[in-house]
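The task is to assemble the complex, starting from two chains supplied on their own in separate frames and drawing on the hints.
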Amino acid sequence: DVKVTQSSRYLVKRTGEKVFLECVQDMDHENMFWYRQDPGLGLRLIYFSYDVKMKEKGDIPEGYSVSREKKERFSLILESASTNQTSMYLCASSFSRDRAGTEAFFGQGTRLTVV
Amino acid sequence: RKEVEQDPGPFNVPEGATVAFNCTYSNSASQSFFWYRQDCRKEPKLLMSVYSSGNEDGRFTAQLNRASQYISLLIRDSKLSDSATYLCVVTSPGGNQFYFGTGTSLTVIP
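Sequences listed follow chains F and X, in order. Per this note's numbering, residue 1 is the first one in the first sequence, and the count goes up by one each step. Per this note's numbering, residue 1 is the first one in the second sequence, and the count goes up by one each step.
Chain X on its own, in the form it takes in the complex (with noise of 0.2 Å):
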């Protein structure tokens, strides 16, 4: 069983469009959690960090439910800049490890 799923996509949508993305994680244990975002051909960024109680940063809000075991991710009014595709990651127990979703590609449409 792979430690984090995430929908591949791809998520084609008009600008101005919400989108969400969703991912699931098999450890109960994890410690950390992050959503990170990777342009073709470039190395992968975070984007922001994912808290219990959510947290929000601009147009862009993370949710953690700790007892679904799922964390999710909401893009508001998005922008043709927006596209990419976006990896959902997550910690071991320890902290030290990163286990990565294989990412959902999201495309903005004029």
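The following block holds chain F by itself, in its conformation from the complex (with noise of 0.2 Å):
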């Protein structure tokens, strides 16, 4: 069975904290990817990745940033957290463009609360 696995479900942080959201996948997939998701706004891209150690901005990569050492895993960094960053944070990976047509897998979420 095919696996993404985030390291919290739930994470509660202060204002200015460093926070560290760890994402693994076991499928030996290329692409890796970080959203976040809020009521009504759906899923937001914050960075992504095509291989190790390449990252790329997505839509709202402010505040936040990435690193990607090994293949199976993808880290996203909230470098000073602050309450507009409570969200949902959803890692997903899938092939890579050689393989399209697969789809996106994703993990549980993070559920974090900066308070």
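In case anyone wonders, no lab produced these hints; they're calculated from the structure. This one's a predicted model, so the numbers in the text were calculated from it and none came from an experiment. Mixed in with the good hints, there may be bad ones.
[Stated by the list, open to error] Ranges between beta-carbon positions, derived for each pair:
1. F:52 - X:20: 36 to 46 Å
2. X:56 - F:111: 27 to 37 Å
3. F:111 - X:80: 46 to 56 Å
4. F:67 - X:18: 40 to 50 Å
[Said to hold, decoys possible] Computed cross-link-like contacts, DSS-like style, restricted to lysine-lysine with a CA-CA straight-line distance of at most 25 Å:
5. X:42 - F:3
6. X:79 - F:55
7. X:2 - F:3
8. F:71 - X:45
9. F:57 - X:2
10. F:13 - X:42
[What the hints assert, rightly or not] Here are some chain X residues the structure puts well away from chain F; computed CB gaps all over 12 Å:
11. 4
12. 11
13. 12
14. 13
15. 16
16. 22
17. 28
18. 38
19. 48
20. 54
21. 56
22. 69
23. 74
24. 77
25. 101
Heads up, the beta-carbon is just placed ideally off N, CA and C, and yes, glycines get one too.
Right, here's the structure in full:
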């Protein structure tokens, strides 16, 4: 069974803290993505990566950074958490364009609250 | 302009009803198309891929009209367990990026 695993289901952090969200996939996918999902706004792309040590900004990268040191792991970092970063964070992975047509698989999500 | 537009609903239908969701996309070169289902406070999961020839999986039928840049999902004989949010998803021309609609909420009422 394919698996994308996020390190935490629920997280509460204080304003100004540095926050790490970890995501691991076991499907040998090249592509990995971080989204946030807010009511009425749908899924918005924060960052994505097509390969190890490669990263690209999505639609809303401000206040975030990412790290991909190994193919199976993609980390999202909130440099200095703020209350407007309270959200559901979803990691996803997929095969590359060479095997296009396959879907994205999602982790279970991390509900982050910044107080 | 958004890549994918969906009617957010909500759709409230009785058990046994037929319900249809529609979605339009802006990039005519989009490569792949999907419908995902998302239950409350859970992650999205693939419901079905959508092909130009149309495809059916039990009570679910998906259609793609490339000329009109339009995707549809038909659910027949609705069950209580069909209550969820349905997301229309389109990929980039290269197939590496996913664009999501904001989702259509469905509640099936006993």
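Evaluation of the provided hints:
no.: 1; hint: F:52 - X:20: 36 to 46 Å; result: holds, 43 Å
no.: 2; hint: X:56 - F:111: 27 to 37 Å; result: holds, 35 Å
no.: 3; hint: F:111 - X:80: 46 to 56 Å; result: violated, 26 Å
no.: 4; hint: F:67 - X:18: 40 to 50 Å; result: holds, 47 Å
no.: 5; hint: X:42 - F:3; result: holds, 15 Å
no.: 6; hint: X:79 - F:55; result: violated, 42 Å
no.: 7; hint: X:2 - F:3; result: violated, 30 Å
no.: 8; hint: F:71 - X:45; result: holds, 22 Å
no.: 9; hint: F:57 - X:2; result: holds, 18 Å
no.: 10; hint: F:13 - X:42; result: holds, 21 Å
no.: 11; hint: 4; result: violated, 9 Å
no.: 12; hint: 11; result: holds, 17 Å
no.: 13; hint: 12; result: holds, 18 Å
no.: 14; hint: 13; result: holds, 22 Å
no.: 15; hint: 16; result: holds, 30 Å
no.: 16; hint: 22; result: holds, 16 Å
no.: 17; hint: 28; result: holds, 17 Å
no.: 18; hint: 38; result: violated, 9 Å
no.: 19; hint: 48; result: violated, 10 Å
no.: 20; hint: 54; result: holds, 16 Å
no.: 21; hint: 56; result: holds, 18 Å
no.: 22; hint: 69; result: holds, 18 Å
no.: 23; hint: 74; result: holds, 20 Å
no.: 24; hint: 77; result: holds, 25 Å
no.: 25; hint: 101; result: violated, 7 Å
Against the hints set out earlier in the document, violations occur for numbers 3, 6, 7, 11, 18, 19, 25.
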